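In case you want the letters, here they are:
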Amino acid sequence: MRDEPLVLGIETSCDETGVGIVRGHTLLADALASSVDQHARFGGVVPEVASRAHLEALVPTMQRALDEAGVTLADIDAIAVTSGPGLAGALLVGVAAAKGYALAAEKPIYGVNHLAAHVAVDTLEHGPLPEPAVAMLVSGGHSSLLLVDDLTAGVTPLGATIDDAAGEAFDKVARLLGLGFPGGPIIDRAAREGDPASIAFPRGLTAAKDLAAHRFDFSFSGLKTAVARWVESRERAGEPVPVADVSASFQEAVCDVLTAKAIDACRANGVGTLVIGGGVAANSRLRVLAEERAAKHGIAVRVPRPGLCTDNGAMVAALGSHLVRAGVAPSRLDLPADSAMSLTAVSVPG
Amino acid sequence: MLVLALDTATPASTAALVEVTVDGLTGVAERRTVDPRAHGERLAPEIAAVLADAGLRPRDVTAIVAGVGPGPFTGLRVGLATAASMGQALGIPTYAVCSLDALGRAAGPGRVLIATDARRREVYFATYADGERVTGPEVAKPADVAALVRGATGGSLPAGVLVGAEEAGGGTSMAGLVERVAGEGALKYGDVFGVPVEEHLLYPPGAALVALAAERIRAGAPGEALTPLYLRRPDAVEPSARKAVLT
Ligand SMILES: [Zn+2]
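For the protein sequence lines, the chains are A and B, in the order given.
Just so you know, the first sequence maps onto residues 1 to 350 in the numbering used here.
Just so you know, the second sequence maps onto residues 1 to 247 in the numbering used here.
So here's chain A without its partners, still in its complex pose (with noise of 0.2 angstroms):
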């Protein structure tokens, strides 16, 4: 069992409700349910519709999970489930029915830092990772530079954004430029058709003061601002808006800062290898940009398929089947949801 174990993972930290299920690294199942289409309207995750949503969701994603994967509950060596960070609201769904599945079939559970989980999914795709590793994890709930020097014992934060993630920048540029919502994908698409060199936008924390005391930290909210006054200015001199220009500059100016930082901080700590996870690691500008600068170092970059990216149960069970196998103790049943769970541990220790 400890070589294979056959782990069930639960994640319920913002919009998406997953259930995984990998023995060792083969990932066997990953149903997915999302309230996201309930949030559109709001332009952004309401924090108790994606609460409701995750109760109303949890028992037939699980039950799809099972089937895909053809094992039962009493299969499954170790449940493990996200117990932070994240929405507390919504957390607490998925940590209650992760006791309740794991008090009813008996199995131990395993509380898992969300942030770690993201790392831990790649190993699915690209076998073990070699340690240590710098990740970058960028969506629209998290922007974070990572060391891991060890998967299942700690991770060492780097940086991380001061004000707005990567992910809600691009939800707040595609809401002022009508676009819609999620703002990723769709300003992905718009800026391919626009000139990323057409408007020099700022590049936040990256001046020569900054850098002192934020080197491996994230600034956003200057850039969106910068985005609506350019457009504002434009509207009011009646002006028609280049939304695919605006979109390739936006993107451009968010890339550039993400990749820079997240080479710099391999560079700083001597890494060969970068893993870049979260919603915003789908972003087609964003891996080559990453690819093309990490080359110039000889560093590796790692990006999961972006299904595997965004929110998921497989990385929950990934990170929780690295657990088993490294005999690291479950967590116990009274293991809390913790919307500010540091990375400093990995799991809540038993």
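Check the hints yourself; a few may be wrong.
Listed next, the stretches of chain B that the computed footprint assigns to chain A, with coverage defined by at least 3 CB atoms under 8 angstroms from CB atoms of chain A [unchecked claim]:
#1 41–52
#2 68–82
#3 87–94
#4 225–238
These are calculated hints, taken from the structure and not from any lab test.
Predicted, not measured: the structure shown is a model, and the values here were computed from it.
Even for Gly, the Cβ is constructed at its ideal location relative to N, Cα and C.
Assemble chain B with the ligand onto chain A, guided by the hints.
Chain B with the ligand in isolation, oriented as in the chain A frame:
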């Protein structure tokens, strides 16, 4: 038949094991913690504890009864997610009961108002005659509920309250609808209601939860999805037109 009852619709996290026989109920074990923010942490260990108290294992449970509220949403969902997942894992039916009904039933004979804390200075409430629900469940300000039970009509009463009360009373006068009030909302807003408060009956008891589903359990009725009685829509506002950034 061994039945597990769960309720997290009030500050209490309750787990109870109750034996349902052909003609009665026997309490086997019950655990309760009162902490409005700890349902997520307390409930599962309580379930493990009642099973251990009884020397039983999860697979000995043959049905689950869950209080589906109304109650503060976050805590309420803990009980329902736990009940639903256990039911699925064990392949046993889950039955939904109104959490206020468990209090109403436990309150016994007479006309009783059950009120629990809905936060935001409101209560979830329902009225009962000899343990059977007469009106509700609804959510309103304690003063409005008090006006209702004193027989006042109109004015500040929410429309739903009036409709429910008139239908139930079969007339326009609600005077003397209740003679006592129970539930933790009664304790918190006791002065407002103007009727005696039953301070010993604050949280839904396990045996009362099971009693509400006993007929269905004995009949082997199919289980059902545990849908929360939210009574309120999510607070969410659609964004207005974007604010100007240029001044
Ligand atoms: Zn995520």
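So, going through the hints one by one against the coordinates:
1. As drawn, the stretch 41–52 of chain B meets chain A at 7 residues by the rule of a beta-carbon pair under 8 angstroms; at three or more, the given contact holds.
2. Residues of the stretch 68–82 of chain B lying with their CB closer than 8 angstroms to a CB of chain A number 8, which satisfies the three-residue condition for coverage.
3. Restraint check on the stretch 87–94 of chain B versus chain A: 3 residues with Cβ-Cβ distances below 8 angstroms, three needed, restraint holds.
4. Figure legend: the stretch 225–238 of chain B, annotated as covered by chain A; annotation consistent (8 residues with Cβ-Cβ distances under 8 angstroms, at least 3 required).
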